[in-house]
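Engineer: Residue-level listing of the chains:
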Amino acid sequence: MKPESTNPPPATPYHADADWLDLLLHHAAEHAEMADSGFSATLMQRLPAPAPARAMPLPRWFRAMNIGLLILSCVMLIGLLAWITPALPGVLTLHPGWRLDTAALPRLEALLPLALLAAWLAWWSKMTLGEFIWPGFA
Amino acid sequence: MPTSVDDAQDLAWVRLVQSHDDRTAFAHLVCRHQGRVRAVLCRLTGGHQALADELAQDTFLRAYHALAEFRGESRFRTWLYRIAYNVFLQHHRRGSQRLEALRQSVEEDDDETLHGSDGGAQSAGLELNLDLQHALDQLSDDEREAIIHCYFADLSHSEAAEVLGWPLGTVKTHVLRAKAKLKTSLHAWNPSLATEDIA
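So the protein lines, in turn, are chains A and Z. So that you can map any letter, position 114 of the first sequence is 525 in my numbering, and since no number is skipped, the others follow by simple counting. So that you can map any letter, position 160 of the second sequence is 191 in my numbering, and since no number is skipped, the others follow by simple counting.
Hints were generated in silico from the structure; no laboratory data involved. Among the hints, erroneous ones may be present.
A short, non-exhaustive set of chain A residues, derived as facing chain Z with CB atoms under 7 angstroms [claimed, not checked]: (1) 432; (2) 436; (3) 439.
Here chain Z is said to cover these stretches of chain A; the calculated rule only asks that three of the stretch's residues, wherever they fall, bring their Cβ under 8 angstroms from a Cβ of chain Z [claimed, not checked]: (4) 440 to 450; (5) 455 to 461.
Yeah, the Cβ is synthetic: ideal placement off N, Cα and C, and Gly gets one too.
Full structure from sequences and hints, please.
Structural biologist: Structure below.
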């Protein structure tokens with residue numbers, strides 16, 4: 412038992428006027444302290460598994476840019492379809508009578524780079540947005 | 032015992048666990064305190080080491096989960112002993128009858144060990160251990176808990192009061208009464224009596 416008001420703490424935890432019972436109890440307490448003998452190892456195994464490391468959150472501006480690019484790529488793809496297929500309602504409703512307008516083929520050829528760009532934007536947006544819009548999708 | 036250095040080291044390890052879930056730091060805390068915590072629980076359970084170890088495991092697991100709430104207002108060891116005491120109390124309330132049965136079986140084991148051993152010093156240590164346990168068993172629950180926390184957990188009276196949730200005066204009273212009873216029960220271990228006998 413340590414003294415109540417000693418600052419700094421004494422070199423020995425015993426009272427200066429410790430009687431034989433104090434000494435006996437301290438002696439017993441010191442010898443009662445148990446060796447580890449696998450206690451810590453068992454305990455550490457019982458701890459819950461560490462939480463998986465969390466990915467760095469994306470900056471807000473980056474997320475906004477990605478959403479913008481995704482919307483832009485969708486608009487471009489819809490516009491492309493509208494341009495090459497005059498019968499757009501037929502395309503959207505999967506009308507059985509739908510067919511590609513042959514007159515639009517030269518324009519399709521001219522729009523190929525734009526189509527590629529739109530496809531790439533869609534893919535890139537999916538890859539970067541996927542984890543926080545639809546985890547596991549990307 | 033350089034308590035301030037130990038306490039500072041404890042706090043540094045606690046901060047590492049809190050900030051980075053550092054398992055190595057927690058292992059250091061366990062290694063440093065497991066010996067005393069198990070010894071205290073062993074005394075509280077009446078000398079049943081296996082049960083004490085089980086409760087000590089529970090204590091450290093609870094401490095790990097609650098470590099985020101530790102703000103460093105008291106010493107880490109005081110906080111840890113409070114958890115250990117709560118774990119003991121919960122177990123005691125749940126199964127005091129089972130504890131009594133276990134205690135009796137341990138006493139029988141201790142008797143066998145004592146009579147089977149032949150080392151003089153070891154035998155003396157076991158005898159003291161056994162006598163002390165019997166003497167502690169004769170105390171009231173409150174007196175026993177006060178003595179165990181003040182001596183076996185090496186806490187000051189105010190720290191013991193904090194752990195036990197009692198007023199400081201109550202702790203001091205229980206310690207005084209317990210010591211008076213222990214002096215009677217353990218009078219055979221009084222070295223001055225042995226000196227007088229030799230003279």
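Engineer: Determine for every hint whether it applies to the structure shown.
Structural biologist: Hint by hint, here is what the structure shows:
no. : hint       : in the structure
1   : 432        : 5 angstroms, holds
2   : 436        : 4 angstroms, holds
3   : 439        : 5 angstroms, holds
4   : 440 to 450 : holds (count 8)
5   : 455 to 461 : holds (count 4)
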